[in-house]
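Residue numbers (my numbering), protein chains in the order written: chain A, 25 to 452; chain B, 110 to 441.
I should point out that these hints are in silico values taken from the structure, not numbers from a laboratory.
Just so it is clear, the structure is predicted and the values come from calculations on it, not from any experiment.
A couple of the hints might just be wrong.
[To be verified] Derived, one-sided and incomplete: chain B residues facing chain A with beta-carbon distance under 10 Å: (1) 251; (2) 262; (3) 368; (4) 414.
The beta carbon of each residue, even a glycine, is placed where N, CA and C say it ideally should be.
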Amino acid sequence: MKLTKIAAIAAAAMTVASPVLADLVFPSLSYRTGAYAAGGIPFADGYADYMTMLNERDGGIGGVMTRVIECETGFSTEKGVECYESTKGEGALVYQPLSTGITYQLIPKATADGIPVHSMGYGRTSAANGKVFRNVFNYPVNYWNGASIAVNHLLDINGGDISGKKVALIYHNSAYGKEPIRTLQELAKKHSFELTELAVDHPGQEQKSQWLQIRRERPDYVLMWGWGVMNQVAIQEAANIRFPMENFIGVWWSGAEIDVLPSGDASHGYKALAFTGVGADYPIYAEIQKYVVDTGKAAGDGNQLGTVIYNRGLYAAMLAAEAVRKAQEISGKMQIVASDMRDGMEALEITEERMTELGMPNFGPTFKVSCENHGGPGTAAVAQWDAGAKKWNLITDFASSDMSVIQPLIDADSAAYAAENNITPNCN
Amino acid sequence: MSAGFYFGVEVFLNGLMSGVMYSLVALGFVLIFKASGVFNYAQGVMALFAALTLVGVQSGQVPFAHLINAVFGTNVQHFGWEVPTFFALLIALAVMVLFAVLVEKFVLKHLVNQEPIILFMATIGLAYFMEGFGDLMWGAEIKKLDVGIPQGGNLWIEESTAFLGGDGFYGFYLDTLDIYATVIAAILVTSLVLFSKYTKTGRALRAVADDHQAALSVGISLRAIWVIVWAIAGFVALVAGIMWGSKSGVQFSLSLIALKALPVLILGGFTSIPGAIVGGLIIGVGEKMFEFLIGAPFLGGATENWFAYMLALMFLVFRPQGLFGEKIIERV
Chain A
25 MKLTKIAAIA AAAMTVASPV LADLVFPSLS YRTGAYAAGG IPFADGYADY MTMLNERDGG
85 IGGVMTRVIE CETGFSTEKG VECYESTKGE GALVYQPLST GITYQLIPKA TADGIPVHSM
145 GYGRTSAANG KVFRNVFNYP VNYWNGASIA VNHLLDINGG DISGKKVALI YHNSAYGKEP
205 IRTLQELAKK HSFELTELAV DHPGQEQKSQ WLQIRRERPD YVLMWGWGVM NQVAIQEAAN
265 IRFPMENFIG VWWSGAEIDV LPSGDASHGY KALAFTGVGA DYPIYAEIQK YVVDTGKAAG
325 DGNQLGTVIY NRGLYAAMLA AEAVRKAQEI SGKMQIVASD MRDGMEALEI TEERMTELGM
385 PNFGPTFKVS CENHGGPGTA AVAQWDAGAK KWNLITDFAS SDMSVIQPLI DADSAAYAAE
445 NNITPNCN
Chain B
110 MSAGFYFGVE VFLNGLMSGV MYSLVALGFV LIFKASGVFN YAQGVMALFA ALTLVGVQSG
170 QVPFAHLINA VFGTNVQHFG WEVPTFFALL IALAVMVLFA VLVEKFVLKH LVNQEPIILF
230 MATIGLAYFM EGFGDLMWGA EIKKLDVGIP QGGNLWIEES TAFLGGDGFY GFYLDTLDIY
290 ATVIAAILVT SLVLFSKYTK TGRALRAVAD DHQAALSVGI SLRAIWVIVW AIAGFVALVA
350 GIMWGSKSGV QFSLSLIALK ALPVLILGGF TSIPGAIVGG LIIGVGEKMF EFLIGAPFLG
410 GATENWFAYM LALMFLVFRP QGLFGEKIIE RV
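With the rest of the complex left out, here is chain A (with noise of 0.2 Å):
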């Protein structure tokens, strides 16, 4: 008698816990609060914006509804693996952790939970190699192919030769602005540059040391791994000593509208990499605006549309609902789980066909992702602030990058990675 009763408690139990299979459920680890909520909203609501108008115009993805589940993080990495912990038994589909800090918490539990993590333009770089990072991906590219397309367009502008020029990298005092600090050194050493690191802590808004070894040592060209007000204070510190803007380059993460416009005229010309387009000139937009934002369903208040982070957010949500077109297509079925996910994001295919029917032609990079390679094509290309218009321009094509450099420090970080935690890379 006592134990049907515990087996019927237990019965009882396991059916309120156990997810709702009801849904595609993908939880979104923002931060809408807190010191770099700039950066968070937007890319929050382009997430969001994006599975809502899927839901309001598709009924869904294969008939099935999305559910973005949101949880506020604070761009904090304990506040991040709650959220984690707290929304896994959801049904998660895949985590996008927003933070290179919440990844690296995230890989071995994620990995263990067999859920996987999607980490677009940040985290552990290695983590392209998928035959050790089996549930990690990076794509469409990562830190070390950001460092070699900002040294590759410094070839382009300077015919091709670099040697003896100098080149400092301002970075964020952090797992992030470290990344590509191995890479830029590979890359001096094939290129002769003279490259000078100088690392601002959190938050940043004290950088007045480096920009004055800056103006003494002269380099010519600036290369920044900033986030948040690390970004719009560097920009002001470089207008003030009058450092050219067109010298000074940023990654993807220092290279949106709220990074230059506080310091108005004087960030003309500044550049920062980008990894999507520009602007709100897409198709997707009339849909966006029409399904989503005229009724009244926008997760924010629609004045983000065609911002670079906000469109970023775009981007990482249509990558998600495209994998989960090729797991429902691989497994069959449309209400597909955590490991279907894994393995539509290892088959996924971008064209541009498939862009231009999502209204999204030229927005990102086409490219085929592989257990060998989760860290897909490794392009982007470079933006120019245009201040008088207050907008992006994309001045490049998107780029690739030098794998002959990147590569094997691929290689042999994911090795070490295996090592440490006795797994044997493998694509089966």
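With chain A fixed as given, assemble chain B onto it according to the hints.
Below, chain B alone, put in the same frame as chain A:
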């Protein structure tokens, strides 16, 4: 003298300027601690809130626009006018005075005779409330702040000092904004000192700072004094918010400038206005010179944050009450 020497002098001068910026934040803490014994955790958020209010009023932004639009389905963002900086400053100041009244009425009044730790906890709550309230009122986007103070290296100083160090020296770099901040801080401190020494209210403030009970016994209203002190701290927060916000735009990380004030307070003492200034200058120069001479060349840089605290702690070993703080003697 070599260019290297003059670069060192340049770093020293910029350290002084940075120190003034830290002092501006520290001053608000000192004022409130001196008058009420409360370590006001919300001082950084007050600077943020004051700057948000200033920019919001200046640019004609509708307060609580997000809330209004969500509730009524409207799409209001701006009034369609811009308020001149001077009047926007007055309105922002009025809001900070109102804030002081409300803090006294809804927080401090109910915590009279409580332990300092209770009051400290209350200010932590206040900080979180104000951050959320500021977000609700003015939105979380980064706002450009322009009150007419020029920014950028002062060309005249650069050109007239370029001859000093030969070809490798480009003249002293001093940010015009920092020069303005120094002048404003000097005026602010002088005014505060004159106010506390030569006005009736100022003397009442000092009396309360010395002994609450004795001040009450001679008829000084503790509640009125608290409102005045919080209002003055609100004004100081507005000045700090303007100076820091001019560099980075007004955004929520502005509240973190309080972190730069803590070593200044440890070093200068929590109860001394001159201490906040001298402490700021020592911290500013100390951290910049350490970064220039040791941090950047030998330790990989980014030493300023921890060095500031280390420097403050070293002072603490020899003077636990800070350089200018009052020595507390408790007799059994």
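For each hint, the structure was consulted:
no.: 1; hint: 251; result: holds, 5 Å
no.: 2; hint: 262; result: holds, 6 Å
no.: 3; hint: 368; result: holds, 8 Å
no.: 4; hint: 414; result: holds, 5 Å
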